[in-house]
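Taken in sequence, the protein lines are chains A and B. Everything in the first sequence is counted per our numbering, starting at 1 for the first residue and increasing by one. Everything in the second sequence is counted per our numbering, starting at 1001 for the first residue and increasing by one.
FYI, nobody ran anything at the bench for these hints, they're computed from the structure. Heads up, some of the hints might be wrong.
Said to hold, decoys possible - Derived pair list, reagent style DSS-like, types lysine-lysine, alpha-carbon separation capped at 30 Å: (1) B/Lys1016 <-> A/Lys49; (2) A/Lys91 <-> A/Lys177; (3) A/Lys177 <-> A/Lys120; (4) A/Lys177 <-> B/Lys1016; (5) A/Lys91 <-> A/Lys49.
Said to hold, decoys possible - Now the stretches of chain A that chain B is said to cover, found in silico as 3 or more residues with beta-carbon under 8 Å: (6) 36-46; (7) 191-198.
Positions of the beta carbon are idealized from the N, C-alpha and C atoms, including for glycine.
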Amino acid sequence: MERTGSLFGHFRDLDQQRETASLGMWVFLMTEVMFFGGMFLAYTVYRWKYHDAFAAASRELNVTMGALNTGVLILSSFTMAMAVWASQMRKRNLLCIFLIATMLLGAAFLTIKGFEYAQKFEHHLVPGPNFNFPGPEAEAQHAEIYFALYFMMTGMHALHMIIGEGMLLILLIYAWKGSFTGDYHAPIENGGLYWHFVDIVWIFLFPLLYLIDLHH
Amino acid sequence: METRSEHAPEHIVPIKTYALICATLLVLTLTTYLVAFLDLGPFNIVVAIVIACIKASLVVLFFMHAAYAPRRTRLVILAGMFWMMLLIGLSLADYMTRALPR
Chain A
1 MERTGSLFGH
11 FRDLDQQRET
21 ASLGMWVFLM
31 TEVMFFGGMF
41 LAYTVYRWKY
51 HDAFAAASRE
61 LNVTMGALNT
71 GVLILSSFTM
81 AMAVWASQMR
91 KRNLLCIFLI
101 ATMLLGAAFL
111 TIKGFEYAQK
121 FEHHLVPGPN
131 FNFPGPEAEA
141 QHAEIYFALY
151 FMMTGMHALH
161 MIIGEGMLLI
171 LLIYAWKGSF
181 TGDYHAPIEN
191 GGLYWHFVDI
201 VWIFLFPLLY
211 LIDLHH
Chain B
1001 METRSEHAPE
1011 HIVPIKTYAL
1021 ICATLLVLTL
1031 TTYLVAFLDL
1041 GPFNIVVAIV
1051 IACIKASLVV
1061 LFFMHAAYAP
1071 RRTRLVILAG
1081 MFWMMLLIGL
1091 SLADYMTRAL
1101 PR
């Protein structure tokens, strides 16, 4: 492909090239909205149908850890936004520092999530043969649906976080080589868009899964 | 050859804006956490979703630069939200009006 500096031959100028990359990323993110949308729909229907069981099951979650993780993820979005800023300002060292900070905060989120999952295994709240929920049979069955949705939604979110960590590592290597502190930094911007999207999914998961019925 | 760009030059968001949005998001997280302990009846879920939507909008507009994005990018975002509303709205309209045994 013909290339003049950072400009690929099929684009007219750098601004058009940058807008095109961004538009493509947004279209991908909207397909991600649809992907998570199916799970949010399943959650909404079952929560409406089995409201009491969902309220009882949600009280088994560790709200402090969930709230802490929300804060950690918001801070990681901030450091990611700062990484985009650093690449725009062509500051290579700062860019690397902010990418590393984002990775560390992402790892902190996954660690806390791991402790939460471990607690669910200990408390027999993982759907399957060992699932055990106090209360009448019907309510226990409905609570199992809640936990199936809980693991599906937070698990898919955590998978996106893990993919994001891999993405950040690759971005960090290229950033260290100075690839994104010139005219071209679309990968940092698009990586940022992905990371913020994953943050938004959690912004909805936290109140929907953890805060159903705390005032009892 | 014409070299003038018809595309907006890149917008660089100042650090102060990022810091302010981050602080607002953390305050809103604390708010939604504390409000969950109050008994507002059916309005607990309403408050929780409204706060989550405000937080998501702040992330999209400022962290993801949608506030400075060209109109076609915003159209893609709105289209995504529209389809999501159709998915949830029409499905609920179906489930909630069925006369099936519960």
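Each hint, compared with the structure:
no.: 1; hint: B/Lys1016 <-> A/Lys49; in the structure: 45 Å, violated
no.: 2; hint: A/Lys91 <-> A/Lys177; in the structure: 12 Å, holds
no.: 3; hint: A/Lys177 <-> A/Lys120; in the structure: 43 Å, violated
no.: 4; hint: A/Lys177 <-> B/Lys1016; in the structure: 28 Å, holds
no.: 5; hint: A/Lys91 <-> A/Lys49; in the structure: 53 Å, violated
no.: 6; hint: 36-46; in the structure: holds (count 6)
no.: 7; hint: 191-198; in the structure: holds (count 4)
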